[in-house]
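Heads up: the protein sequence lines correspond to chains G and L, in order. Taking my numbering, the leading residue of the first sequence gets 922, the next gets one more, and so forth. Taking my numbering, the leading residue of the second sequence gets 922, the next gets one more, and so forth.
The hints are simulated quantities; they were obtained by calculation from the structure and are not laboratory data. Warning: the hint list may mix true and false statements.
Identical copies carry no separate label here, and so any pair may be met within one copy or between two of them.
To be verified - Taking lysine-lysine and the DSBU-like style, the derived pairs with C-alpha atoms no more than 30 angstroms apart in a straight line are:
hint : residue 1 : residue 2
1    : Lys-1196  : Lys-1011
2    : Lys-1158  : Lys-1170
3    : Lys-1170  : Lys-1196
4    : Lys-1158  : Lys-927
5    : Lys-1012  : Lys-927
Number of protein chains: 2
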Amino acid sequence: MVFFRKTAILGVGLLGASLALAMRDKGLTEEISGFGRSAENLEKAKARGIIDTCHPDDPAAAAAGADLVVLATPVGIFTQIAKAIRDSIKKDSIQTDLGSLKGGLVYELEEILPRFVGCHPIAGGERMGIGAASERLFEGSKCIITRTEKANARAVDAMAGLWSAVGCEVEFMDPFVHDEVYALVSHLPHLVAYALVNTVGDTDGDLIRFAGKGFRDSSRIAMSSPELWRDICRMNKDNLLRFTGVFKKNLERIEALLKSGEPGALEREFDSARKLRSRLENENGNENKNGNG
Amino acid sequence: MVFFRKTAILGVGLLGASLALAMRDKGLTEEISGFGRSAENLEKAKARGIIDTCHPDDPAAAAAGADLVVLATPVGIFTQIAKAIRDSIKKDSIQTDLGSLKGGLVYELEEILPRFVGCHPIAGGERMGIGAASERLFEGSKCIITRTEKANARAVDAMAGLWSAVGCEVEFMDPFVHDEVYALVSHLPHLVAYALVNTVGDTDGDLIRFAGKGFRDSSRIAMSSPELWRDICRMNKDNLLRFTGVFKKNLERIEALLKSGEPGALEREFDSARKLRSRLENENGNENKNGNG
């Protein structure tokens, strides 16, 4: 059984707060310190029993003495935070993150921090902030752990144990493969959702009130944090631009079939999407169970 | 209070069956006849108490003697069905439909049927078949009624009364305006979802298992009936191709911002989408309440 006497959550948002709650719930930690930009948010988190101590603007103080240090801010500032804490972390501590981006960033963080293990729990979706935090957020979700050649094997095992304990199905993946896969199944859908909503805005924003469940579902992730997703998309832009290219080809194939009036080919195009998407229903029974990345 | 002694449901799928159940539940009809291609499906619907009599392959027999005749098949065969029933319908009956497409089709149907009122309840989404039917399906949804100059005023009032009675918020709209609006907020999102899933298929379909809630939400409508959506998209292709053009421009603007490395402009682009999409949450409290079209 994994246990970390003290845990530092650097960035107390939906994911960080939910991990804190889940670790407490399962008895995986005793004391939790929190760092964040907003003193008010940290005080709220303390009042809700998510963290025990508040360290606004001082990640090094939050990380000091912690057995597990969790980077849970937007990915764009991970490197900066890692540098800020490197001299204050406990010698045998494990450092990890909850970011949607791995790739070269994992190797960078491994250079800065002695026992870093990159983790990406596929949970959270478009929700933000501690208001939506729950000790059950990770239950039934995948968690991708990036295991590099340099990674400390015992730290990797400990993190796998932690994620299993809070209800995740753990999968190991190369950091660069992770970024390709999630460019396709997470980052691209975000760009598409932003573009879809802005298409309504370009036409007449007031028309959005006529939208039904289909539009609501397909655009829900456009409510995700613009700051967070700006960072993710920019840091993964090469993979992302490759897949926006494939996506546009698919859309243009449909446009061409509409213009040429080939009903059979159009129906086959739709049906191949229906079949592939339906796999997600069949695999999980409850298709809404898994979280978002 | 509206009341139709006998109602004919031509096409007993999710929407037709749900309307039958809702009308029974509210005491708006006494007897319901059903037409459909599948005798087996009609027998199931009869066993579940959705319809009272089955008329496989004979819409004229189902429509005979009905006070309300509901076209609830895929829109692609509405005209054919209307022609098949025109000589057998009761003289003072009202004819309506549940289709996602209005425009010229409404004028065509008004030529064939004496008291036709075009209706589009924004409900149902990607679900199909009587298994998902519910007397509560329409509660809290919009229903668009297309009122043309030729439309019979009392028939329009009766339909508005019917939809209100089953829980809809009724809005009147010109048939051609309807098709523009729904090309934007319903048909375009369907095409985008089909293209998104096929982008995964083109890359490596097995990667879909890594998808989280974001991908699931944004691609859910790709499970909609390929046959139904083939018809809708083809019949509304001019509006649809205009909006795929606007959509591609939006996606290309995001691509350009990714390439040029302008984080501020990219964040503003995402934020304008977040703000507009959030309107759907604020307006309804429960953002999942409204149905799809």
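Tell me, please, which holds for Lys-1158 and Lys-927 at an alpha-carbon limit of 30 angstroms: within, between, both or neither?
Close neither inside one copy (36 angstroms) nor across copies (60 angstroms); limit 30 angstroms.
Since the copies are identical, ignore which copy is meant and state whether Lys-1196 and Lys-1011 lie within 30 angstroms (CA to CA) inside a copy, between copies, both or neither.
Neither way: Lys-1196 and Lys-1011 sit 51 angstroms apart in one copy and 42 angstroms across, limit 30 angstroms.
Checking Lys-1012 and Lys-927: alpha-carbon separation at most 30 angstroms within a copy, between copies, both or neither?
Only inside one copy: Lys-1012 and Lys-927 sit 13 angstroms apart there, 80 angstroms across copies, limit 30 angstroms.
Intra- versus inter-copy proximity for Lys-1196 and Lys-1170 (alpha-carbon distance at most 30 angstroms):
both (20 angstroms within a copy, 29 angstroms between copies)
Alpha-carbon proximity context of Lys-1158 and Lys-1170, limit 30 angstroms
Classified as both: same-chain Cα gap 18 angstroms, cross-chain 18 angstroms, threshold 30 angstroms.
Violated hints for the displayed structure, listed by number in ascending order: 1 and 4.
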